[in-house]
Structures are given as C-alpha cells and as structure tokens.
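Counting the sequence shown from 1 gives a position; our numbering is that position plus 289.
A portion of the hints provided could be inaccurate.
Said to hold, decoys possible - Beta-carbon label-pair distances, calculated as ranges:
no.	residue 1	residue 2	range
1	528	386	23 to 31 Å
2	546	340	53 to 61 Å
3	425	455	17 to 25 Å
4	451	572	40 to 48 Å
5	354	418	44 to 52 Å
6	521	394	20 to 28 Å
7	354	525	43 to 51 Å
8	518	425	34 to 42 Å
9	524	393	19 to 27 Å
10	347	410	47 to 55 Å
11	549	418	29 to 37 Å
12	418	360	48 to 56 Å
13	347	540	19 to 27 Å
14	552	454	37 to 45 Å
No wet-lab data here; the hints were simulated from the structure.
Just so it is clear, the structure is predicted and the values come from calculations on it, not from any experiment.
Where a beta carbon is used, it is the ideal one built from N, C-alpha and C, also for glycine.
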Amino acid sequence: MKVDASRIQPPVTEHTQHNAPAKIRQPEPKDPAKNVEKSATGSETVPQQNRAQGAMRLLQEEHFKGVAALRLRINFFDQLPALEQESIQAIAQEGITELTLAMQEQVDDLNNGGLIGEETLPQLAELADTFISEMQSSVAGETLDQQQLITTLEQHYGNFRTALQNLLQPPEPTPPQATEPAGQPAIAGILTEADQGVENSPLAISPLEGELPAGQAAVSPSNPAEESSSHAQLAASLDVLDSTFRNQLSSIEERLQDSSLLSVPEQPNNNGAAFQKFATIYREMQGMAEVSNE
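With the sequences and hints as input, model every part of the structure.
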C-alpha cells in the first residue's frame, strides 16, 4: 500500500494561549478635604433641635434635678423657650377640647332635664355656642401665657354664667315704691276710723273675687311647691356646671405648670454651693437679679 506523501500534513503544534492576569482595580485615592467634610457632617447624627427636645423631655420627667437640671437649662437655654411654648400650646389645645366636651355635656343635661321651657332652648344653645367659640379662640394665638390663659378662661365662663343665670332664673321685678310729695301728710295718718271701717266692710271686696261662682275658690296662677322644687333642681344643675368648669380648669392649670421649663428648680439638700453658682448664671441669662438670700 502506497502512501501519498503529499497528502500527509505535518502535525499542528497547539500553542496554549494564557490569558493575561486580570488587573485588580485599585480604589482611587479620595480627596482628603472631602473626607474631612463628610466626617464633619456625619458626626452630627442628632440635630441640635432633637437634642433640645430630648433634654426637655428629661426635665419634664424629672430625670435630672438640682445642679444637673440647671446645667441642662443653661446648655439649651436658646431652644427651651420655643420648646416650652410648643408644649404649652399642645396642653392648652388638649385641655380646651376636654373642657368643651365637659361643658357641652352639662348644657345637654339642662336641655333634656325638663327644667327649661322650649322657648328658652334656642337662647341657651346660642349662649353655649358663644362660650365655646370664645374658649377655642383663647388658644388660637402663636404664643400663650399660662396665667393669662387661665384668667381669660375664667372671664369667658363668668360672662357665660351670668348670662345663663339671667336667662334661666331672671331676677324678680322690684315693685315700685310710692313716694309722698314734699309737704303732703301721709295718707295713712289722716284716715279716720270711719274710713278704715269702710275699707274693711264686705262692700270693699274686689269685683273679681265678688264675681266668682258660689263654692269656687280663686285659682293661683302657679303651684308654689312645684315652682320651688324646679328652682332648687335648676340651682343644683348650675352648681354641677360650676364644679365641672372648676375641675377642668384646675386640670389644665396643673398640666401647664408641670410643662414649665424656664423656672429655677428647687434647691436640693446637698451641693448647695454648686447649685447657687449655676442658679446665679441661669438667672443672669434670664435677665433676672442675683439669687436672693431667701
């Protein structure tokens, strides 16, 4: 068997091609200035406002007393007034809502108690609406003074209470007193015995009483016993109204006092010298005189 040499191809030598090793991408060097700027902003994880709010919460919850409480007030002196005002606004709004609901409940009891005539109910509703509107407007301002708010609420209730009293229990008219002309003798002094006898005679009976049928007595226009009972029940309802207002107002006043952060806390029994030192600084920051000796 002959082999055609021309058809024999030389063996192909396979060359293994090795890929070049992948270059590890090195991180680009960062600008030191940018790093400093980022670290400066990143270090303030808690804004100053949030820190002040946290301080206010700790003070309200009385976690710090004495010197520690004074130092917190000094450190956050610029932020505390605004935060205290926010707390006062929230407490006042909540208190007015509770007061409004309580007073409206008492007015509804007056409406449904059967002690007030139907012709008076629209006027009572108008008085109540005016009173509630005045209370709500008393907390509508941007800033609130605690004592001024309490005084304003008392004035609004005083006006409402007076108008309500005049509506439900109007004062009895005073009969006019007859005056004797100057220089004229008293009529009673010149009546003769005969005149007095005529007045007491059966002929002096008023025509109305004389015209009544035999056996029928004069009918009184109202029952004094029932009228007295109605007045007593109405007076009791008004007393409950007064008590409700006073209780609600006392609750508002107490909560407002607890929210106060600007007043100097009570001096503890110990570390009196340190307390006086920081109290003096705090009072000077408030523009007040130095701590008194009392």
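Tested hints:
1. Between residue 528 and residue 386 the Cβ separation comes to about 24 Å, which falls inside the hinted range of 23 to 31 Å.
2. Here the CB-CB span from residue 546 to residue 340 is close to 25 Å, at odds with the stated 53 to 61 Å.
3. Distance hint check for residue 425 and residue 455: the Cβ-Cβ separation is about 24 Å, which falls inside the suggested range of 17 to 25 Å.
4. Range check, residue 451 to residue 572: Cβ separation about 43 Å, and the 40 to 48 Å hint holds.
5. Judged by the Cβ atoms, the range 44 to 52 Å given for residue 354 and residue 418 holds: they are separated by roughly 46 Å.
6. Residue 521 and residue 394 have their C-beta atoms about 22 Å apart, which keeps the hinted 20 to 28 Å range intact.
7. Restraint check, residue 354 to residue 525: a C-beta distance of roughly 46 Å satisfies the suggested window 43 to 51 Å.
8. Distance hint for residue 518 and residue 425: a CB-CB separation of about 36 Å, consistent with the stated range 34 to 42 Å.
9. A hinted range of 19 to 27 Å for the beta carbons of residue 524 and residue 393 is consistent with their spacing of about 21 Å.
10. Here the CB-CB span from residue 347 to residue 410 is close to 52 Å, well matched to the stated 47 to 55 Å.
11. A beta carbon spacing of about 33 Å between residue 549 and residue 418 agrees with the range 29 to 37 Å that was offered as a hint.
12. At about 50 Å, the CB distance of residue 418 to residue 360 agrees with the hint of 48 to 56 Å.
13. Between residue 347 and residue 540 the beta carbons are some 24 Å apart, a value that agrees with the proposed interval 19 to 27 Å.
14. In this structure the supplied range 37 to 45 Å holds for residue 552 paired with residue 454, their Cβ-Cβ distance being about 38 Å.
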